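S.K.: Line order of the protein sequences matches chains D and U.
Read in order, the letters of the first sequence correspond to residues 1 to 373 in this note's numbering.
Read in order, the letters of the second sequence correspond to residues 1001 to 1286 in this note's numbering.
Calculated from the structure, these hints are not laboratory results.
All figures in this text were calculated on a predicted structure; none of them were measured in a lab.
The C-beta atom is built at its ideal place from N, Cα and C for all residues, glycine as well.
Wrong hints could be hidden among the right ones.
[Stated by the list, open to error] Under the rule of at most 30 Å between Cα atoms (straight-line distance), these lysine-lysine pairs were calculated in the DSSO-like manner:
1. D:Lys107 <-> D:Lys238
2. D:Lys245 <-> D:Lys181
3. D:Lys115 <-> U:Lys1095
4. D:Lys7 <-> D:Lys107
5. D:Lys181 <-> D:Lys7
6. D:Lys358 <-> D:Lys303
7. U:Lys1095 <-> D:Lys107
8. D:Lys107 <-> U:Lys1065
9. D:Lys128 <-> U:Lys1065
10. U:Lys1065 <-> U:Lys1206
11. U:Lys1206 <-> D:Lys107
12. D:Lys65 <-> U:Lys1206
13. U:Lys1193 <-> U:Lys1206
14. U:Lys1193 <-> U:Lys1095
15. U:Lys1095 <-> D:Lys65
16. D:Lys65 <-> D:Lys128
17. D:Lys128 <-> U:Lys1132
18. U:Lys1195 <-> D:Lys128
19. D:Lys65 <-> D:Lys181
20. D:Lys245 <-> D:Lys303
21. U:Lys1195 <-> U:Lys1206
22. D:Lys115 <-> D:Lys128
23. U:Lys1195 <-> U:Lys1095
24. U:Lys1193 <-> D:Lys115
25. D:Lys181 <-> D:Lys115
26. D:Lys245 <-> D:Lys65
27. D:Lys65 <-> D:Lys7
28. U:Lys1065 <-> U:Lys1195
[As the list claims (entries may be wrong)] Pair ranges (Cβ atoms, derived):
29. U:Ala1103 <-> D:Gly14: 24 to 30 Å
30. U:Pro1207 <-> D:Phe13: 29 to 35 Å
31. U:Pro1207 <-> D:Lys107: 28 to 34 Å
32. D:Arg112 <-> U:Leu1194: 26 to 32 Å
33. U:Ile1018 <-> D:Gly14: 33 to 39 Å
[What the hints assert, rightly or not] Non-contacting residues of chain D with respect to chain U, defined by C-beta distances greater than 12 Å in every case (computed):
34. Phe98
35. Ala147
36. Asp158
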Amino acid sequence: MAAVTLKNVVKRFGVFEVVHGADIDINDGEFVVFVGPSGCGKSTLLRMIAGLEDISGGEIAIGGKLVNDVEPADRGIAMVFQSYALYPHMTVEQNLSFGLRMTGNAKADTDRRVKRAAEILRITELMKRRPRQLSGGQRQRVAIGRAIVREPQVFLFDEPLSNLDAELRVQMRVEISRLHKELGVTMIYVTHDQTEAMTLADRIVVLNGGDIEQIGAPLDLYDDPANRFVAGFVGSPKMNFLAAKVVGADGGAAIVELANHGGARLRKPLADVPPAAGTDVVLGVRPEHFFDAGQGDCDIAVKADVAEHLGSVSYVYANAGANAGANIGANTGQEELIIEREASRHRANGDHLVVSIKAGRSLLFDTTGARIR
Amino acid sequence: MRHQNATAYRFLAPYLLIFAIFWVWPIIDSFMISFQATRTVPWRFAPGFNWGRLIGDPAFFNALKNTLLILVIQVPVMISLAIVMAVLLNSPLLKARGLFRFAFFAPVVVGEVAYSAVFRLMFNLNFGIINKLLNSVGLPSVDWFSNVTPAMAVIMIAVTWRWAGYNAIILLAGLQSIPEDVYEAATLDRVSKLKQFFYITLPLLKPIILFCAVLSIIGTMQLFTEPFLITERGGPGGGTETLGLLLYRQGFRSLNFGYASAIAYTMAGLAIAISLVQIWLTREPK
């Protein structure tokens, strides 16, 4: 087991800088997930920790030891690849033992490690099969098994579940979580799937365009995102962003007028000094934080375009302008909103809907995306 | 659907007709000719005439021995060389990869007569560059075309020069189909580059190596140009005569088409048999 520390780690491909000075402290035994959209640098960061990519600047330490110039095999890590990277001409058993056999590890010890890994992952009955005779989930188990036999200090997972179907992904997610508890070692996991990140991680590192946007526990990121990017990336369906303008202040609160909802106003208490009147802002409201009319601090009327019924809840995609009452804002059709409602078979396209926003369940951002607290 | 099929076959008919007349029929006809005595007119059916002669003909066994000798020595050397060239071509360290790829492939597109003439000049006893190079390091000149062993060596060197690059390009395509992350996984497993080559690259490249080997076996069984042009019709004294050359000599110099046909079928049969053995030896374990 080992802690992993990244200090101002930079990666350049030619003149293009793809990671701009990453600082991350990963504790011993922690499960950390790097998450972000495609091209954000999360896999590059993982490959730099593995030693498969050189670093252009900064320092990487594993177990307190600087590993910038240490060979990948000597870093005490094991990696599970997105495409499994199994040796196709070898049986499962040979795949698991290959590395140990090639480095002259004692046969008894190799056998013991392979047996243990097979038992942990419940693949004992597959040992004589070749990768092409395995299902996607079984291949992934073998790939994880190959990492386990190395008895590493740190496990690295590079989007290991992205080639699996939805059901298997959930199953393997639970397996990986179980494995982390069982082995208790440090795990670093890369994914673009925020659900995987939220369910697996002790802490999440959100990356965007080579920058770290925020590091925190899953629910901290959900409840208290540092900026609009994190707010939009964490949570599914994603947060709604409503164009707004500060029209005044009331004590420590900003009075915010929603631009596309017929002048609907919300009093949003802030810890900082409220922005000056006339400042354009963005109000973030999660789909699950719309309430029934009159139960929040500001009601808005919308017209449902499409309703998705998931059984437990319905998601209403609202957009087109709606004729609302005189005392509430009318949607002028400029913004698409996703609103979570109680499941109802009767909710249909074209329905008019009045929902309410609570100040305490909404977030305010400036036009650059920074949070206004 | 049946109507559509009929239309398709009508479009294919001109090609199929030409294919049948100029390809299928000669194959069948030559097989039948191999059972005829064709040294005198009119030809007559004599099943044992050519096939019986084949079994006891020293010229045939000499040509067979020469062909198999080239096959056994030249093919493995060429394939090994092609693998090394493919690995070098695939190296990320290599600059101007496109240029090298073209250079390795270029010998195939050079005219056979031109390349044979150049090789004859290069290995010329008095003013060939090879002897000049040997002399420059203190070694004596070799009379490449007057002795069997050097003449055979020239044939093998020439064939290897012409076809190694071609095979390397095919192998390179195979190499590029091996996913990079398999090597990365092996690197993390502390497997050295050399062991990665023997335990990962070679096994994964096996089907492509087999393909190249079968192509080369077929090519060598038909070897004609080099012994005809470089060592002047299989010289010295039939020392480099191959089955292809013997076939040519019997068919088109002696106009003994029956015997030439029997040789042709023997060549094809041997190529098939050797290729099948090769495929069987390198089959995938169940």
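S.K.: Please go over all the hints and tell whether each is borne out by the structure.
M.R.: Here is how each hint holds up against the structure:
As the CA atoms of lysine 107 (chain D) and lysine 238 (chain D) are separated by approximately 52 Å, the hinted pair breaks the 30 Å bound. Taken as a hint, the lysine 245 (chain D) and lysine 181 (chain D) pair is broken in the structure, with Cα atoms around 48 Å apart against an allowance of 30 Å. In summary, the hint linking lysine 115 (chain D) to lysine 1095 (chain U) is not supported, as the alpha carbons are separated by about 45 Å, beyond the 30 Å threshold. At roughly 40 Å between alpha-carbon atoms, lysine 7 (chain D) and lysine 107 (chain D) are farther apart than 30 Å, so this suggested pair is violated.
Taking the CA atoms of lysine 181 (chain D) and lysine 7 (chain D), the gap is near 28 Å; set against the 30 Å cutoff, the hint holds. Using a Cα cut-off of 30 Å, the hinted pair lysine 358 (chain D) and lysine 303 (chain D) holds, with the two alpha carbons roughly 20 Å apart. With a C-alpha separation of about 42 Å, the suggested pair lysine 1095 (chain U) and lysine 107 (chain D) falls outside the 30 Å cut-off, and the hint is violated. Between lysine 107 (chain D) and lysine 1065 (chain U) the CA atoms are separated by roughly 48 Å; this puts the pair beyond 30 Å, and the hint is violated.
Using a Cα cut-off of 30 Å, the hinted pair lysine 128 (chain D) and lysine 1065 (chain U) is violated, with the two alpha carbons roughly 44 Å apart. With a CA separation close to 28 Å, the supplied pair lysine 1065 (chain U) and lysine 1206 (chain U) stays within the 30 Å bound. Among the hinted pairs, lysine 1206 (chain U) with lysine 107 (chain D) is consistent with the structure: their alpha-carbon atoms are about 28 Å apart, no more than 30 Å. For the hint linking lysine 65 (chain D) to lysine 1206 (chain U), the alpha-carbon distance of about 42 Å lies beyond 30 Å, and the restraint is violated.
Distance hint between lysine 1193 (chain U) and lysine 1206 (chain U) is fulfilled; the C-alpha atoms sit about 18 Å from each other, no more than 30 Å. With a CA separation close to 20 Å, the supplied pair lysine 1193 (chain U) and lysine 1095 (chain U) stays within the 30 Å bound. For the given pair, lysine 1095 (chain U) sits about 36 Å from lysine 65 (chain D) by alpha-carbon distance, which is inconsistent with the 30 Å threshold. Distance restraint check for lysine 65 (chain D) and lysine 128 (chain D): the Cα-Cα separation of roughly 39 Å exceeds the 30 Å cut-off, and the hinted pair is therefore not satisfied.
The straight-line distance between the Cα atoms of lysine 128 (chain D) and lysine 1132 (chain U) is roughly 59 Å, outside the 30 Å bound, and the hint therefore fails. Annotation: proposed proximity of lysine 1195 (chain U) to lysine 128 (chain D) holds, straight-line Cα distance about 23 Å (limit 30 Å). Pair hint lysine 65 (chain D) plus lysine 181 (chain D) holds up; C-alpha atoms about 25 Å apart against a cutoff of 30 Å. The hinted pair formed by lysine 245 (chain D) and lysine 303 (chain D) meets the criterion: a straight-line CA distance of about 23 Å does not exceed 30 Å.
Distance hint between lysine 1195 (chain U) and lysine 1206 (chain U) is fulfilled; the C-alpha atoms sit about 16 Å from each other, no more than 30 Å. For the suggested pair lysine 115 (chain D) and lysine 128 (chain D), the alpha carbons sit about 13 Å apart, so the restraint of at most 30 Å is met. Between lysine 1195 (chain U) and lysine 1095 (chain U) the CA atoms are separated by roughly 25 Å; this keeps the pair inside 30 Å, and the hint holds. As the CA atoms of lysine 1193 (chain U) and lysine 115 (chain D) are separated by approximately 27 Å, the hinted pair is consistent with the 30 Å bound.
Under the criterion of a C-alpha separation no larger than 30 Å, the hint pairing lysine 181 (chain D) with lysine 115 (chain D) is consistent with the structure, at around 19 Å. Simply put, lysine 245 (chain D) and lysine 65 (chain D) have alpha-carbon atoms about 51 Å apart, too far for the 30 Å limit, and the pair is violated. Proximity of lysine 65 (chain D) to lysine 7 (chain D) is assessed by CA-CA distance (about 13 Å); at most 30 Å being required, the pair is judged to hold. With a C-alpha separation of about 37 Å, the suggested pair lysine 1065 (chain U) and lysine 1195 (chain U) falls outside the 30 Å cut-off, and the hint is violated.
Distance hint for alanine 1103 (chain U) and glycine 14 (chain D): a CB-CB separation of about 27 Å, consistent with the stated range 24 to 30 Å. Range check, proline 1207 (chain U) to phenylalanine 13 (chain D): about 34 Å between beta-carbon atoms, so the 29 to 35 Å window is met. Taken as a hint, the range 28 to 34 Å holds for the pair proline 1207 (chain U) and lysine 107 (chain D), whose Cβ atoms sit roughly 31 Å apart. Judged by the Cβ atoms, the range 26 to 32 Å given for arginine 112 (chain D) and leucine 1194 (chain U) holds: they are separated by roughly 28 Å.
Separated by about 55 Å at the C-beta atoms, isoleucine 1018 (chain U) and glycine 14 (chain D) break the suggested range of 33 to 39 Å. Its beta-carbon lying about 6 Å from the closest one in chain U, phenylalanine 98 (chain D) breaks the requirement of being farther than 12 Å from that chain. Distance check for alanine 147 (chain D) against chain U: the nearest CB is about 9 Å away, which does not clear 12 Å, and the non-interface claim fails. Distance check on aspartate 158 (chain D): its Cβ comes as close as 9 Å (rounded) to a Cβ of chain U, failing to clear the 12 Å threshold; non-interface status is violated.
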